[in-house]
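Protein chains in written order, with our numbering: chain A, 2 to 315; chain B, 2 to 315; chain C, 2 to 315; chain D, 2 to 315.
Quick caveat, the hints were computed from the structure, so don't treat them as lab data.
Source: prediction; values computed, not measured.
Some hints could be false.
Within a straight-line C-alpha distance of at most 27 Å, the following computed DSSO-like cross-link-like pairs (lysine-lysine) qualify [what the hints assert, rightly or not]:
(1) Lys286/D with Lys283/B
(2) Lys163/D with Lys131/C
(3) Lys190/D with Lys163/C
(4) Lys283/D with Lys283/B
(5) Lys253/B with Lys18/C
(6) Lys253/D with Lys18/A
There are 4 protein chains.
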Amino acid sequence: MKLDSKQQQAIDNLRSKASETRRVSVSAVEEILYKPYPLLDHGFIRVVDYMGDDSAIVQAARVSYGKGTRQVSEDRGLIRYLMRHHHTTPFEMCEIKYHIKLPIFVARQWIRHRTANVNEYSARYSILDKEFYIPDPEHLAAQSFDNRQGRGTVLSGSEAQKVLNILTTDASNVYDHYEEMLNEGQDGKIIDQSNSGLARELARMNLTLNYYTQWYWKTDLHNLFNFLSLRADSHAQYEIRVYADAMFDTVKRWVPTAAEAFSDYRIGGMNLSAAGLEIVRKMLKGIEVDQSSSGLSAREWSELMEGLDQDKSD
Amino acid sequence: MKLDSKQQQAIDNLRSKASETRRVSVSAVEEILYKPYPLLDHGFIRVVDYMGDDSAIVQAARVSYGKGTRQVSEDRGLIRYLMRHHHTTPFEMCEIKYHIKLPIFVARQWIRHRTANVNEYSARYSILDKEFYIPDPEHLAAQSFDNRQGRGTVLSGSEAQKVLNILTTDASNVYDHYEEMLNEGQDGKIIDQSNSGLARELARMNLTLNYYTQWYWKTDLHNLFNFLSLRADSHAQYEIRVYADAMFDTVKRWVPTAAEAFSDYRIGGMNLSAAGLEIVRKMLKGIEVDQSSSGLSAREWSELMEGLDQDKSD
Amino acid sequence: MKLDSKQQQAIDNLRSKASETRRVSVSAVEEILYKPYPLLDHGFIRVVDYMGDDSAIVQAARVSYGKGTRQVSEDRGLIRYLMRHHHTTPFEMCEIKYHIKLPIFVARQWIRHRTANVNEYSARYSILDKEFYIPDPEHLAAQSFDNRQGRGTVLSGSEAQKVLNILTTDASNVYDHYEEMLNEGQDGKIIDQSNSGLARELARMNLTLNYYTQWYWKTDLHNLFNFLSLRADSHAQYEIRVYADAMFDTVKRWVPTAAEAFSDYRIGGMNLSAAGLEIVRKMLKGIEVDQSSSGLSAREWSELMEGLDQDKSD
Amino acid sequence: MKLDSKQQQAIDNLRSKASETRRVSVSAVEEILYKPYPLLDHGFIRVVDYMGDDSAIVQAARVSYGKGTRQVSEDRGLIRYLMRHHHTTPFEMCEIKYHIKLPIFVARQWIRHRTANVNEYSARYSILDKEFYIPDPEHLAAQSFDNRQGRGTVLSGSEAQKVLNILTTDASNVYDHYEEMLNEGQDGKIIDQSNSGLARELARMNLTLNYYTQWYWKTDLHNLFNFLSLRADSHAQYEIRVYADAMFDTVKRWVPTAAEAFSDYRIGGMNLSAAGLEIVRKMLKGIEVDQSSSGLSAREWSELMEGLDQDKSD
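Generate the whole structure from the sequences, applying the supplied hints.
Spelled out as structure tokens, the structure:
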């Protein structure tokens, strides 16, 4: 992503102003406020506002005046307890707002998270820029065989080159036609005085799904954690995962204790079903178990054994 | 939209079965259950399930056992009262589920209504069909001058023809390349044995926004009315309005009294601000009013006079 | 709960009518439709409408026409996969509506689940009946010592008797005063012609929190499962748990496969954190672990060992 | 409401600290931050955090970098346009958090607004204070005759006195019994060593609905405006209206332009139905109209004429 000089100046301008506030402030977020994190080839996220910090979670859990005299170690213990036991409402007391630029096909996955507030750039009103996503060659992978929605091996150089050519040529081509239908160039000049130009709300349908859009996206910390647990996960599509990863970095700056608890309890762990728990208990007691007598399907059994790092092809 | 014979058979099969139920049923909806309403060139909506009827609204408003002995006229009066005074929760007691096929750029507007339940066809798992929306020539219009997001005059024949050529050629072209990147034809056959094919989640980004997707969409009547008031409105884009209009037809079958109240109080009416109301009161008393002394901006004044059918360019 | 003859007749009347529908019907729910499940001393739940069944979950997951030729065993596998992997949207395609009578202090917990539709009996419009909850002596327990929000040992007979006397006398007393302030008896007759009576919206404030209220409550299956996982849990207050348990019975009738998957994967299981999983893996490999080197707090360690059925007081 | 010295000190402590922030700040809110607005006899609201200001609404509507060079007058025009045309999403970009102390019967109305984040004081964990709401005599009114849910004339002195006696005596009485059942005084001392005390989650049911509870309540500006339009309205119960009025004062400090637009377009105005609009148009043209030919019911007709300030009993 390249910011033009006007954009960079607007950001510098916002960052140069400071005011006094009685609200809780978080200096590690203030450091990056308004600054874009570049992502993919033209995308970014940037934090544009935030409300609350770790102490707001504790305060809501205690519903008490001020923070009293409790020590940090106790606050940490409380936040970890809340996360571990899925007491989610105190995390809703923190709010964050991002400005995000992302390809439309990523936006389509993202918007399925319904609990956020969104204001998106409208291609009914305005003309989209000629900016589209082209993956790096190392991210061009074949369909996965064992995971119906994922990626497998990286494409060979020649196949990758063919794909890149197609993506680039088609995206460029549809944009030229977008301008031609609008009868208006990127400079705002009318192309052919004898034509009236197609309405923007119609012309946009000729663009491909890798074109970039942008929006303001605001959510509370609980729902942001839900987003991250799905989208920073290894099963998420790479192109949304890079956004989730960058957001998680901003969350670590903003609410370090809650972010740590989230990492420890919601990332990299495992849900045991009642049957799965029974099997683990037996194994710990040295009782022999196998799939056929476990009550689990072959698929569940292999998921469980893999999770437990056990070599039981059984 | 053309149903293939397998789809038609599945619908006929569902429609041929009937079971007994103690739930309220609405025969006018049963008549159309599962049947697609064709929309645009390849789209449709069809009602696939519903819960409640006009009496469920009344029941919730009364929170009482059964319907008692009250007469239809009283129920109608109550429903109209609820609608007029924005008592919305009783309308939430009715629920409807649609199966909808629609262009992606329409889906992108639609999904902004966050209160519904949605399950969409996934182009990460599956390959999209070669079906894209091409407008009829009479719907190809220029950008409106007085409405920043609408359409103005219809394009001339030659400009329209050029637009149709572009849209058709580009959509067809990007699909051919979609298949080529997937290395898989619509018949499921591998195109080139020496290639491994690009993952579906990536290849889809080459498709244009007029490609069709489909989803199940379920909502309650209150939120459906909100959707209709925005999307069946003359300011909505034509391509989503046709869906809203068709859905409103199904709503008239389902809850005729609520639909009538919605038409009467939420469609074609006008919101008067406090200042606007004061002006109307003065005018009714024969007091002269003009924009400069009204406290309204020029824009508000002209909106008001237009709404009141008054010729006061002032 | 005693239904008066008019209420019983209304229910019988509703149950005696049947109509034909093309919607999916579930005979095990039809059997109990409108019938109250008595709960506590005056409460109940009853199913008054439903939409969808197990097949609606499968249909949404497949987003395909009809059910095709797939067998029940495959559908069951798919539903279990969805539950295990927290793919929640297909469960949102089923909807159920209950009529519920419950003490106000239970209603106050219940309403915190924000995703449902609710229409409650209004004590601003109407006069509440003289019905209040008095626990059975075996449910009168002391504050728990090791669980800050739970109950411990059952009260002794004499202390229990004192509590029952207080609860009954006070509830009866405040109701007599409620009527006196309203200046209106339960028969609707004015008590003292020289008084005007206090507005209902004010008089109600004199009632205690064990008075019964009632509402229609409608939700989708995904959110109902969330409700059940919190409220049918052993940590939930007994007085709301009996409602959750009864509702779970109706869910087993309605969507038996989804209910089974919910039982297997969401009830009686255990969430392992990344650190907890690492400890389990070590234990399975015969590596010695203890709290001090585990990275877990004493509290987390004991929660983990208890869950694994291990006697490691460490 | 009386703050004890510890609470006052905690507030003074929070107010004495200031930090630098790059976020937008609103000095008129900073002035009142953390300070309680006393309401009713023991209640209050206080703003404890906020995000955004009028410019955040404009920014979201423009989805552009920075604020550019546009002038205040244009921003005001844009905000008024958004409000007038119900473009609600930009208002969601502002967020505010309150700490609120309120009677339980008010909390029960309040919580029906489902879109906010809430953390309430839990009477399962903690013991409620002996604080209950007793209305001022001038707010003790009879049931309204023409408004089924409102209040009519104020009670006479003697009837009011009787009501006050009842409310005070009963609330005091149930609290004494609450302590007796808990077997614990307000000082935390055990009352009777031979008793074990009833669990808090049960004992609380003996309290009346005028007891005070408290919560943190966080919402966005759009949903706050919805709350205010219902609860600052003359049809709202007085006891919730005082809270809405106080919150509206804080909103005027926070987002003065949006608050003004809300006042002008959402308060004191009138919705005309299509039929009502037709009647107004006729009246403005001097055409005679009456109820019988208007298509309106008698009730709608009188609502319309009253709104238009017309004396047409017809």
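Against the structure, the hints come out as follows:
Pair hint Lys286/D plus Lys283/B holds up; C-alpha atoms about 14 Å apart against a cutoff of 27 Å. Taken as a hint, the Lys163/D and Lys131/C pair is honoured in the structure, with Cα atoms around 21 Å apart against an allowance of 27 Å. A hinted pair counts as satisfied when its Cα atoms are at most 27 Å apart, and Lys190/D with Lys163/C qualifies at roughly 20 Å. Proximity of Lys283/D to Lys283/B is assessed by CA-CA distance (about 15 Å); at most 27 Å being required, the pair is judged to hold.
Our distance criterion of 27 Å between C-alpha atoms is met by Lys253/B and Lys18/C, whose separation comes to about 24 Å. Proposed proximity of Lys253/D and Lys18/A is supported: the alpha carbons are some 24 Å apart, at most 27 Å.
Checked against the numbered hints above, the structure breaks none of them.
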